[in-house]
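Spelled out, the chains give:
Number of protein chains: 2
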Amino acid sequence: MSTDTANRIHIEKATTSKISQVDFNNLMFGRVFTDHMFVCDFKDGKWQKPQIMPYQAMTIEPSARVFHYGQAVFEGMKAYKDEDGKTFLFRPQQNFERINKSSARMAIPEFPQNYFFEGLEALLKLDNEWIKPGVGSSLYLRPFVIATEPAISASPANEYRFMIICSPAKAYYNEPVRVLIAEKYSRSADGGVGFAKAAGNYGAQFFPTSLAQKKGFQQIIWTDASTHDYLEEAGTMNIFFRINDKLITAPTNDRILDGVTRKSVIQLAEDLGIDCEVRQITVKEIKEAAKDGSLKEIFGAGTAAVISPVSAFEHAGDVFEITAADKSYAQLFKSTLLNIQHNLSEDKHGWRHEIK
Amino acid sequence: MSTDTANRIHIEKATTSKISQVDFNNLMFGRVFTDHMFVCDFKDGKWQKPQIMPYQAMTIEPSARVFHYGQAVFEGMKAYKDEDGKTFLFRPQQNFERINKSSARMAIPEFPQNYFFEGLEALLKLDNEWIKPGVGSSLYLRPFVIATEPAISASPANEYRFMIICSPAKAYYNEPVRVLIAEKYSRSADGGVGFAKAAGNYGAQFFPTSLAQKKGFQQIIWTDASTHDYLEEAGTMNIFFRINDKLITAPTNDRILDGVTRKSVIQLAEDLGIDCEVRQITVKEIKEAAKDGSLKEIFGAGTAAVISPVSAFEHAGDVFEITAADKSYAQLFKSTLLNIQHNLSEDKHGWRHEIK
Ligand SMILES: Cc1ncc(COP(=O)(O)O)c(C=O)c1O
Ligand SMILES: Cc1ncc(COP(=O)(O)O)c(C=O)c1O
Chain H
30 MSTDTANRIH
40 IEKATTSKIS
50 QVDFNNLMFG
60 RVFTDHMFVC
70 DFKDGKWQKP
80 QIMPYQAMTI
90 EPSARVFHYG
100 QAVFEGMKAY
110 KDEDGKTFLF
120 RPQQNFERIN
130 KSSARMAIPE
140 FPQNYFFEGL
150 EALLKLDNEW
160 IKPGVGSSLY
170 LRPFVIATEP
180 AISASPANEY
190 RFMIICSPAK
200 AYYNEPVRVL
210 IAEKYSRSAD
220 GGVGFAKAAG
230 NYGAQFFPTS
240 LAQKKGFQQI
250 IWTDASTHDY
260 LEEAGTMNIF
270 FRINDKLITA
280 PTNDRILDGV
290 TRKSVIQLAE
300 DLGIDCEVRQ
310 ITVKEIKEAA
320 KDGSLKEIFG
330 AGTAAVISPV
340 SAFEHAGDVF
350 EITAADKSYA
360 QLFKSTLLNI
370 QHNLSEDKHG
380 WRHEIK
Chain V
30 MSTDTANRIH
40 IEKATTSKIS
50 QVDFNNLMFG
60 RVFTDHMFVC
70 DFKDGKWQKP
80 QIMPYQAMTI
90 EPSARVFHYG
100 QAVFEGMKAY
110 KDEDGKTFLF
120 RPQQNFERIN
130 KSSARMAIPE
140 FPQNYFFEGL
150 EALLKLDNEW
160 IKPGVGSSLY
170 LRPFVIATEP
180 AISASPANEY
190 RFMIICSPAK
200 AYYNEPVRVL
210 IAEKYSRSAD
220 GGVGFAKAAG
230 NYGAQFFPTS
240 LAQKKGFQQI
250 IWTDASTHDY
260 LEEAGTMNIF
270 FRINDKLITA
280 PTNDRILDGV
290 TRKSVIQLAE
300 DLGIDCEVRQ
310 ITVKEIKEAA
320 KDGSLKEIFG
330 AGTAAVISPV
340 SAFEHAGDVF
350 EITAADKSYA
360 QLFKSTLLNI
370 QHNLSEDKHG
380 WRHEIK
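Same order as they appear, the protein sequences are chains H and V.
Residue 30 is where the first sequence starts when you use my numbering, and the numbers rise one by one after that.
Residue 30 is where the second sequence starts when you use my numbering, and the numbers rise one by one after that.
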């Protein structure tokens with residue numbers, strides 16, 4: 030860390046580490062946090078001096094806007110370590126830009142780029158032991174912003190808190206997932222906030238997802254709210270369909286999150302000589318392809334899950350099982366991505382961001 | 030309070046009151062809170078013993094689900110005092126049922142009816158001095174539920190906090206409002222959570238509303254997300270249109286909040302012999318009625334604002350000024366409602382709920 034950064038961030042180190050209490054072979058996603066967290070408050074019209082402090086509970090007024098009006102956005106990113114102990118982020122500029130896009134839509138002030146990167150870097154140095162080397166291990170980073178101003182009028186807050194908390198992770202979904210295609214519920218509206226990582230988008234999916242889970246499906250593939258004819262994305266993953274040897278994924282729009290993994294898969298497909306179409310896909314088309322055998326794979330793509338194969342989908346009472354293709358695209362993209370992320374292969378697009 | 034209730038709620042009284050510091054003639058909405066708050070935690074699969082304690086900040090983990098996934102719902106209700114010092118709530122059963130409907134949609138466990146009412150009653154007795162008599166004064170009550178479990182996996186939490194905080198209020202909008210009719214942004218999707226008082230629905234409106242405000246309009250009237258042809262509701266009010274002597278309001282559906290004030294106005298219209306149609310209304314129809322002079326009034330109806338006349342609306346660059354009708358319906362409903370709420374007139378539907 031340069032002296033300059035050190036001056037910019039006020040750092041209070043944890044006196045002891047919790048790391049020895051953590052079983053890194055048995056991690057449940059997002060339950061264990063590292064020794065430090067990054068905190069930066071917005072007040073009097075500007076972001077105040079950023080701080081790193083021991084991970085701890087915080088004090089907040091019951092009237093804070095976030096509790097009442099969901100004025101909150103977040104990001105999800107991962108830090109990886111190679112066998113030499115070098116630490117990398119994957120395309121962090123994308124997450125930086127996206128959190129500010131999300132913030133703008135939620136009337137939250139944008140966060141400065143230098144604070145974002147210096148905060149991440151300082152945290153990753155302090156909590157470096159928490160990043161385990163090896164493909165499959167990572168440190169999940171959760172930047173988020175909440176409206177803290179204690180006043181329950183329904184208007185944008187004047188005070189916010191930006192934080193980064195870190196949680197050691199294994200891949201999110203280990204098993205192939207069975208998914209249900211949405212026919213009644215929806216995730217977002219045209220002209221709404223679906224493209225933003227706005228907190229409320231996620232809580233709104235819990236109930237429909239719990240209904241799907243009761244029917245034996247772990248996830249929902251959302252369709253457009255107006256017609257339910259078009260396939261959009263899953264709760265925390267963008268979705269790819271492989272018909273014969275062609276890959277198809279929906280274009281992003283104001284309902285769909287512009288996923289970093291999605292755009293990386295699209296680029297890797299080009300690199301690997303796989304034809305990838307970005308276009309609207311109907312439920313009808315996928316059901317027909319499943320019937321005539323041309324639907325070879327469906328997989329989700331997202332930071333938490335990396336690449337998650339779909340083994341079955343349900344729509345209007347019809348269930349289609351998808352037999353894993355040998356030499357699956359899912360497996361190919363997953364290993365290609367993980368190899369880049371873990372510094373095991375060439376990084377021709379400059380996606381790795383080393384923490385020095 | 031019965032001994033039974035007293036046993037059920039653990040009460041810790043504030044040692045001093047802040048009331049003498051409050052200027053009741055100069056209240057900004059939702060900034061000042063009374064001496065006490067109600068708190069009830071959900072854990073181990075059930076709601077724990079409810080508590081009333083001095084109003085204070087709380088301690089919460091940065092990984093609490095509410096911050097990340099907006100798993101949060103709320104209600105808005107008011108307590109009124111008559112000149113004899115009797116305290117009333119207005120149709121509180123409606124708010125109780127609605128918060129549980131909102132909770133169900135957000136995968137939050139429902140709150141027990143006896144805790145809800147006993148909590149309100151105990152609070153209103155302890156903070157009774159904060160309810161000022163006289164039409165226009167009230168104590169705004171904000172029940173809300175937040176997901177507190179410290180784990181950032183995207184699934185329903187296992188721990189929640191239900192709270193009630195109270196803030197002395199004057200009417201929310203004093204001036205007639207100028208509104209913009211939504212053409213691009215939307216508030217909610219079919220199959221979404223618009224009918225719920227889910228926190229995220231509100232934060233999502235702040236940015237489009239701030240754009241409207243820059244153009245000189247305080248509020249947005251939302252239209253359906255698919256076509257933007259149908260008028261739905263405003264940010265915190267349902268909307269009524271008066272064409273000649275007929276009142277029209279949109280039917281509720283899964284995008285629109287089923288407002289208590291709205292349903293009370295519909296009933297009062299019947300009582301007063303005013304024809305009120307509940308049906309879909311197009312933007313086109315309202316613009317034509319504005320042009321030919323048959324549009325006499327537009328007003329919003331909601332707990333915070335009571336009845337709020339609309340003095341102008343904009344759509345597709347056309348601005349229509351609405352000259353206040355003398356003998357306006359807005360004024361008639363407002364005084365009729367306030368008289369019932371403040372125990373100044375007969376309560377033939379049993380809407381008043383006295384706190385004894
Ligand atoms: C709704 C949604 N879609 C897709 C994704 C995948 O995006 P990314 O690849 O940037 O993690 C995520 C997770 O971030 C998400 O929340
Ligand atoms: C979106 C929305 N519409 C309408 C209303 C009016 O409902 P009520 O009359 O129950 O306060 C509110 C406020 O509660 C609201 O938040």
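Among these hints, one or two may not hold up.
Identical copies carry no separate label here, and so any pair may be met within one copy or between two of them.
Below, computed lysine-lysine pairings styled on BS3-like, alpha-carbon distance capped at 30 Å [unchecked claim]:
id, residue 1, residue 2
1, LYS325, LYS115
2, LYS72, LYS356
3, LYS244, LYS72
4, LYS213, LYS313
5, LYS72, LYS42
6, LYS385, LYS243
7, LYS316, LYS154
8, LYS78, LYS154
9, LYS78, LYS107
10, LYS244, LYS78
11, LYS292, LYS213
12, LYS199, LYS316
13, LYS213, LYS130
14, LYS316, LYS78
15, LYS42, LYS320
Quick caveat, the hints were computed from the structure, so don't treat them as lab data.
Evaluation of the provided hints:
no., hint, result
1, LYS325 with LYS115, "neither (37 Å within a copy, 71 Å between copies)"
2, LYS72 with LYS356, "neither (54 Å within a copy, 46 Å between copies)"
3, LYS244 with LYS72, "between (47 Å within a copy, 26 Å between copies)"
4, LYS213 with LYS313, "both (16 Å within a copy, 29 Å between copies)"
5, LYS72 with LYS42, "within (25 Å within a copy, 32 Å between copies)"
6, LYS385 with LYS243, "neither (47 Å within a copy, 45 Å between copies)"
7, LYS316 with LYS154, "neither (49 Å within a copy, 61 Å between copies)"
8, LYS78 with LYS154, "within (19 Å within a copy, 44 Å between copies)"
9, LYS78 with LYS107, "within (25 Å within a copy, 40 Å between copies)"
10, LYS244 with LYS78, "neither (49 Å within a copy, 34 Å between copies)"
11, LYS292 with LYS213, "both (28 Å within a copy, 27 Å between copies)"
12, LYS199 with LYS316, "neither (33 Å within a copy, 57 Å between copies)"
13, LYS213 with LYS130, "both (29 Å within a copy, 18 Å between copies)"
14, LYS316 with LYS78, "neither (54 Å within a copy, 51 Å between copies)"
15, LYS42 with LYS320, "neither (59 Å within a copy, 68 Å between copies)"
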